[in-house]
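Line by line, the protein sequences are chains W and G.
If you count the first sequence from 1, position 138 lands on 208 in the numbering used here, and the numbers rise without skipping.
If you count the second sequence from 1, position 231 lands on 241 in the numbering used here, and the numbers rise without skipping.
No lab work stands behind these hints, which were simulated from the structure alone.
Please note that the accuracy of each hint is not assured.
[Unchecked claim] The list that follows gives simulated cross-link-like pairs (lysine-lysine, PhoX-like), each with its CA atoms no further than 20 Å apart:
| hint | chain 1 | residue 1 | chain 2 | residue 2 |
| --- | --- | --- | --- | --- |
| 1 | G | K29 | W | K229 |
| 2 | G | K574 | G | K506 |
| 3 | G | K574 | G | K500 |
| 4 | G | K29 | W | K237 |
| 5 | G | K500 | G | K581 |
| 6 | G | K20 | G | K506 |
Each chain, written out:
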Amino acid sequence: MTIIIESDEPASDVPTRRITFTVNGQRKAAEVEPRLLLSHLIRRGLGLTGTHMGCDTTNCGACTVLVDNTAVKSCTMLAVQADGHEISTVEGLATPSELHPLQEGFKEEHGLQCGFCTPGMMMAAKALLDANPDPSEEDIRWALSGNLCRCTGYQNIVKSVLWAAAKLRGEAS
Amino acid sequence: MTDSKLDEIKIGGLGASRKRVEDNRFIRGKGNYTDDITLPGMLHMEILRSPLAHARIKSIDTSRAWEIPGVHLVLTGEMMATRNLAWMPTLSYDTQAVLATDKVRFQGQEVACVVADDPYIAKDACEAIDVEYEPLPAIVNPVQSVAPDAPIIRDDKQGQTSNVIYDWQVGDEKGTSEAFARADVISKIELHYPRSHPSPIECCGSIADYNRATEKLTVYMTTQAPHIIRAAVALVAELPEHMIRIISPDIGGGFGNKVPVYPGYVASILASILLERPVKWIEDKSGNLISTGFARDVYLKGEMALRHDGKILAVRMRTDADHGAFFSDAQPSKFKLGLIHSAFAAYDVPVAHLTARGYYTNKAPGGVAYRCSFRVTEAMFFQERMMQAAATDLGMDQAEFRRMNFVQDDDFPHRTPLGFLTDSGQYGKCLDVGLKAINYEQFREQQAEAKKKGRLLGLGISTMTEPLGAGNSREYDILGIKMFDSAELKVHMTGKAIVRTGARGQGQGHETTWAQIVAHELGIPADDIVVEEGDTDTAPFGMGTYASRSTPVAGAAIAMVCRKIKAKARKLAAHLLEVSEEDVEWELGRFYIRSAPDRGVTIQECAMAAYSNMPDGMEPGLENTAYYDPPNLTWPFAVYIVTVEVDPETGVWDVLNMVAVDDCGVRINPMIVEGQIMGGLTEAYAMSSMQFITFDADGNCVGSNYMDYLLPTAWETPGFELHSEVVTPCPHHPIGAKGIGECAAVGGPAAFVNAVMDAIGDPRVRNIDMPLLPDRVWDAIKYRRDISGAPPVKGD
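Chain W on its own, in the form it takes in the complex:
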């Protein structure tokens, strides 16, 4: 972020650090304040607003992204800790021509209403499916238990992930 200081005082009392990282396959570099949260780097620095912020305390999971393929709540990770790592966000799920099966599954099974928790839900689900391509309903409920949804009651979210898992395994839906 660029901060313009509109006064005579030197801006040097705001320390920054240079980091390099990969986001959705693209290499990036940034000068960041050490206290900057990763979620803010993603949202405001990179303009990837699909990663949402809900609670600031690592409870709601709306800000879930993958860091080196592990689901991480980006509101409780500092941007400097992402130095040298690979970040995946919801914007990287689809290819230009094709949706990820999780995205299709959420639409097919009505796994979202207001849509605010959805990107975090899908990223947490992606981490699950990468590790376990054939999860049970219980596996899914446990894997998503760090993500809150106030609209759906979760039943359709579970169905959405099952739908995606079946498609990823090549089974007809």
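Assemble chain G onto chain W, guided by the hints.
For chain G alone, kept in the frame of chain W given last:
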């Protein structure tokens, strides 16, 4: 009908489980929520909140904050007062502090704001503001609020000599007393419906953008009711209404939390006017939980007069509502405690009386319709807890007691003893479906068997009927503005269309279902229709989306505007077919000549003619607007039945099965309706089991973040079995639909509580207040007594 008639389901009409249009952007992370918007030159605002629940402000020193590089503005109540903005009117004819001047009256109250280049700088600067407080005793419940030595919380109001806000009553007091005198059995219950916070995942926020050159104020805002906000801003900020544009972008959940006007909105507007730059304010979660729209917090006490055979003779109710420091309930203004008097509407109660009192306390203002139609949740919860207690006192079966007192199918419209007119329903049939689904008789046998082995199984029944879709405008208004709604439809020359309404969805799927109503009425495929809401410069005036009013009111307006369009299209069809209008028949999507059904024109051909080949003298175009003032509220009905097992050693209870039978009339999109019901059931489970936000004796909010305010995850939330067999179309709604978004959250909590009480099955335990935390259940079992959840009084 001809062979050319369209298949309504195929074109995405009424009854189609059409996949949602809005999902296409949400699943790609391309939603556009308020915090996603960045404007050129935008600054960021943060709010400094009071750490104390009740204190006099001795001084505020902002000098250190002003010195921090990157700070543009520090706002205090004193500065707001110079512009007459330190206080604002609420939606319930009270006033609320925007930024505190004299006193702080609840923990989390807004004291000052900082506007800076970056939210981090603004937060730093908030911490550099020195406020000196003189603490005052905090009042945390109605009992304390009327104690003889209680300080007057609202000493800012002239003539306010106590902490009582209102004392309101409805019904027939004398008749009720007479009925009680005749009763064989009088059954009583007393309980507290605890405070709850709707807590959408997205917090509140706004971006105010005042343009000095055009004098136009544009505000992007997390609001469920943009037109009400426009009116409020016009009144509060004294700006001309046509120079105010409120845009409600995608909303990350509302549940009533995003109806009121919040101080942050007003402060960001003033900051933008003063700085002539866009100012963004996005609340953090603690700010949202401790300062915005609480719900419930009502003490409910009542009794029921009964005949030995189970017939209800009368009901008497008394409510004491804790409104917090400002009476800012978002509700029809005529009513003091919303539609609390809808209690017992589904039962044939000859006479009733209700007294409602409201109190100021040192808690955040509340009273929002959290997934309910204005206090109906409290009404239905009390009703079903009372029904359970009465059946138990009579020694009657829970299901049969309800059935024998239901309003009968042929007794509609039915006038309730507290003044409503219910429209339609098949209550007994819904109960039958529910009992069959839960295997009622078999479960009772299992329960008895289990009891012999020391296992506690229980079954809870709850029914609800909810007055949804305010107005009519005779009785329902907000600050005098009548509660109707509107729709505008523009059919383009190629037969594609745009529909706009005064509602504003927050996940209900309006972009999908509104198009389905148009498809049903006009035969234009739903995919050819775009839906737009939330921009006051383009949408027709409407009262917004809350209290399940969108389908009953705005949805009805859509059907009505379609009928206006169809009337004009009929004239165009007659012109194109060269016959008189009387000879033209309609079938979905097409007009044809009655005597020659093969000769017809489609609605799309009529649309083209409206722009290219209209008859002489006809006004061109195919556009119209309809304002719909409903003749009555819509009255859906539901039966919810839960079975649970309670562990007597720990007080932990698990849901075994939950069955929901909802009769919401005609379902526009069954998939979306079921989604709404499951969401509501989950909130019902949340309120009854874990969602707990209370206050300690000093007025500190306990539950001010998601580490303490527990919301159920996928792991805790039980599965639900939904039933849609019973359909009673609404007799006065143009497409027979009733509201549905909130029914399950309204009727659900009592089912869970009744089930746990049934499992405990001890006559000495009449009530455990929600949430039924394991320690409360354990205490009740162990000590065989009621468990109150009312906030503690100092010295307890």
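The hints, checked one at a time:
Using a Cα cut-off of 20 Å, the hinted pair K29 of chain G and K229 of chain W holds, with the two alpha carbons roughly 15 Å apart. A distance of roughly 17 Å separates the Cα atoms of K574 of chain G and K506 of chain G; the hinted pair therefore holds under the 20 Å criterion. Our distance criterion of 20 Å between C-alpha atoms is met by K574 of chain G and K500 of chain G, whose separation comes to about 11 Å. Restraint check: the Cα-Cα separation between K29 of chain G and K237 of chain W comes to about 18 Å, which is no more than 20 Å; the hinted pair holds.
Of the pairs offered as hints, the one joining K500 of chain G and K581 of chain G holds, with about 17 Å between alpha carbons and a cut-off of 20 Å not exceeded. Taking the CA atoms of K20 of chain G and K506 of chain G, the gap is near 17 Å; set against the 20 Å cutoff, the hint holds.
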